[in-house]
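Protein chains: 2
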Amino acid sequence: MNKAMLKGKMVIGQSGGPTAVINQSLVGAVLAARQQDAITGILGARHGIQGIMDENFIDLTTQSVEQLEQVANTPAAALGSVRLKPGKAECEKVFDVFRKNDVRYFFYIGGNDSAETAHIIAEMAKEANYDFCTIHIPKTIDNDLRVTDHCPGYASAARFVALAFMGDDRDNAALSGIKINVVMGRDAGFLTAAAALARQHEGDGPHLIYLPERTFDVAQFQADVKAMVARHGRCVVAVSEGITNAAGDPVMTTGERDSHGNLQLSGSGALGDFLSAKVKEAYAGESVRVRADTFGYLQRSFPSIVSEVDAREARMVGEFGVNHAVADTVPGSVAIRRLSSAPYASECFITPLSTVAREATEMKDEYINSAGNDVTQAWIDYVAPLVGDLPKMGKL
Amino acid sequence: MNKAMLKGKMVIGQSGGPTAVINQSLVGAVLAARQQDAITGILGARHGIQGIMDENFIDLTTQSVEQLEQVANTPAAALGSVRLKPGKAECEKVFDVFRKNDVRYFFYIGGNDSAETAHIIAEMAKEANYDFCTIHIPKTIDNDLRVTDHCPGYASAARFVALAFMGDDRDNAALSGIKINVVMGRDAGFLTAAAALARQHEGDGPHLIYLPERTFDVAQFQADVKAMVARHGRCVVAVSEGITNAAGDPVMTTGERDSHGNLQLSGSGALGDFLSAKVKEAYAGESVRVRADTFGYLQRSFPSIVSEVDAREARMVGEFGVNHAVADTVPGSVAIRRLSSAPYASECFITPLSTVAREATEMKDEYINSAGNDVTQAWIDYVAPLVGDLPKMGKL
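Sequences listed follow chains U and B, in order. Residue numbering for the first sequence follows my numbering, beginning at 105 and increasing consecutively. Residue numbering for the second sequence follows my numbering, beginning at 105 and increasing consecutively.
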C-alpha cells in the first residue's frame, strides 16, 4: 500500500466503563490528528459503536484547545460510552457508514471487547480491499488487557483505592472493629490489590486482601479475620467484587444481570452486607463492630486525584495511536512497555489486534501470597510507580 | 477567681465519628498549649473519655512540630476515638482522675454528646469548688451543632460528596441510567445537600436530593425519578441515609443497632439496594439500568481532598479553645461566626456549653425546596465558600 495515499476522515469513539483519564486519550488523539494532513476530518462518535451505526457524530475539529484540555481533565467518557459487543451485522453496518463517509481511520478507546470490535472491522476492510486503518487505544480500570504492561485508567482508580484504604484504616484504628471494603474487578484483582499501597507502618491495614484469582472460602475468611483481630485488635479487609466460590460462582450478587448477560456486581452493597453477616456469625454471641463499604463507581470517576503517570500515559496512547496510524497504516492496539521502575519510564508500541482482542488477563501468581489472602512485594514493586507518591499518614 | 491562679495540667481527647480535619484541632490545641505557662503538662487521652477513666494517656509535650504537622494532615482521630455517652458515675470517675492528676483544663473535641460530657464535668467541678476549665471543641461531618455557623469536619466531607457527584454525574451521562447515591447523615441533611455543588451546567446531576428533614414517600420518589428520566434521559439521586417514612421510621436498615442503640445506617448497602429495587419496580417490564452506591466511611476519612477553609478553621478552633481557657477560665464551647461569604471570613467565639450540649440542629427550611426533593440557592450560597473551589468539568 502506498502510505501517502491513505487520506480521509477519522472516527474516534469511547467504549465500556469510563475511567478518570479516558478523555486524555481522546484529546491526545484529536490534537495529534489536527496536525496530520492525511486526516481530513475528525468525527467523534456519540456512545461508541452505537453512535457510528446511528451516524451520530460530533465534529472535533472546531473546539478550542482550552475546551479540549478541560475535557481531558474531566473523568468519564466525554463522547458518551456504550456497552455493546457488536455482532457481524452491526460491524457491517459500521463499515458501511465508514465507506459512505470516506472514513479511513478508526480509533476505538476501550478494553478487550473494543479491541475485538476494531479487529472485526479491520478484517472486513481487508476483505473488501478498502484502504483503512483501525487502531485500538487501551483503557480499563481493571488493568486486564494482554500484552501491555498496564492499562491507562487503571492507575488513577488504583490511586483512589489506595487513598481510600489509607484514610479508612486510620478511621478503623480510631474506632476499632472489622471493616470490609468491596473493590471493583470482576475477573482480575489488580484494583483490589492496590489497597496494599495504603500500608505505611507495621500493623496498618488492609490486613487481608481477597482477589478473584483465588477461590474464596467463607470459613477460611472467617478464620482469617479472627486471627487478624487477635493480632491487631481490629481488621480491615479488601475484597474484590468478583470473588468466586469453589464452584466458580460469585460469592454473592443481587441476581441481576447487566447488558452483557453477566451477573451485576457493581452498584449494589449485596456482597459487603453478606460478608458482614458472615463475620458477625463467626463472632456469634460476642459484641463486635462490623461495617462494610462498597466503593462502587467512585473508583473510576472521582475527579482531582488522578495519577500523574496515568494522565500522561493516557494522553500518550491517544497521540501514539494517531501518529502510528498515519505513518504505518497497519491496524493494531497501542500498548505500553515499562522501561524502568525507578525512575519510572515507559514507551508505546503497537501489538496486533488479535493479541489483545477478546481474552483478558489476570494477576500473575508471583503477585499473590501462598495463603491467597494478601499480595507480595513483587506486586508492590509493580504497582507503586504507577500510582505515584501518596500522602504520609501521621501517628502519635 | 484569680485568673493567674489556674495553673495545672490539661487533658485533651477526641470523641465520636472521626473527620478529615479533627487532628488539625488536636494539633492546634497542643501547639497553643505549649506556649502557655499556665499549662504544666499536656495529656492526650486515648479513645476519649474511656482513656481518661483508664488513665491511658499519651504525653503530648515531646513530639516534634514536624510529627505533629503530619498528624494534623492525617484524617481520623490520632488519639483514638470513642462512642460513649458517659453517665454520672463515669463522669465522677473522670473527675476523680482529673483531681488526682492535678488536671485543670479539659478539652474535648467532638459533637453535641461530647459537649454534654464536658458540661456535666464542668458542673461537677463547680459543685466541688475545684478550679477547673473545660472547653468543648466542635467537630462533626454532620454539621448539626447548634449556635455555630458550621462545624469543622463538615466542609471536607461535603467536598468529598461534591467531588464524588461531579465525577459520578459524568459517568452517568456517559452510560445513561438511574444512579442512587446514599450519603451519611442520620438526622440532618447538610452532607447530602452538598451534592448540589456538583452542578455546573444545565442538566447536571444530582437531579433529585432527599433529606432527613422531609418525610420520604416511596411512591413520590418513584414518580420523581420517572419525571427526571423523561426530562434528562437519566437521573442521579442524592439521598441521605437517614430518610424516614411518614411514621418517622428509617426507610430501610439492616435492623442492626450501634453502641448508642440507634439503628445502624452506615456501613451497609441496604438502603441503596432497597431504593434500586423500588425504581426497578416503578419501571416494571421496561429495561432500565439502575445502580446504587453508598459512599460510607470514605466521606469522613478520605485523605488529600480536604477543604482549605475547613483545615484552617479546625486548627483555629483548637488554638482558640486553649487560649480562651487560659485567659478567661470560663467553660464553654468554641463556635464559628461567619463574617463574610465573599470573600469568606470567619472568627471564633465562645458559647455556653448548655447551648450546644445534647440537642442537635438540622437544615433550615429556606435551604430546602417546596417539593422536598432539592435544595435552594440560599443553600448554595451558604455552603459553597466552605467547600472551596471545585474543578471545572469539561464537555463536548
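It should be emphasised that the hints constitute simulated quantities derived from the structure, not laboratory data. Incorrect hints may appear among the rest.
Said to hold, decoys possible - Ranges between beta-carbon positions, derived for each pair:
hint: 1; chain 1: B; residue 1: K111; chain 2: U; residue 2: A482; range: 27 to 35 Å
hint: 2; chain 1: B; residue 1: K111; chain 2: U; residue 2: L494; range: 38 to 46 Å
hint: 3; chain 1: B; residue 1: R335; chain 2: U; residue 2: E170; range: 24 to 32 Å
hint: 4; chain 1: U; residue 1: I162; chain 2: B; residue 2: A334; range: 22 to 30 Å
hint: 5; chain 1: B; residue 1: G337; chain 2: U; residue 2: N473; range: 44 to 52 Å
hint: 6; chain 1: U; residue 1: Y448; chain 2: B; residue 2: E173; range: 40 to 48 Å
Every value quoted in this text rests on a predicted model; they were computed, and no experiment measured them. All C-beta atoms in this analysis are idealised placements derived from N, C-alpha and C, irrespective of residue type, glycine included.
How the hints compare with the structure:
| no. | hint | verdict |
| --- | --- | --- |
| 1 | B/K111 - U/A482: 27 to 35 Å | violated, 58 Å |
| 2 | B/K111 - U/L494: 38 to 46 Å | holds, 43 Å |
| 3 | B/R335 - U/E170: 24 to 32 Å | holds, 30 Å |
| 4 | U/I162 - B/A334: 22 to 30 Å | holds, 24 Å |
| 5 | B/G337 - U/N473: 44 to 52 Å | holds, 46 Å |
| 6 | U/Y448 - B/E173: 40 to 48 Å | violated, 28 Å |
Violated hints, in rising order: 1, 6; the structure is consistent with all others.
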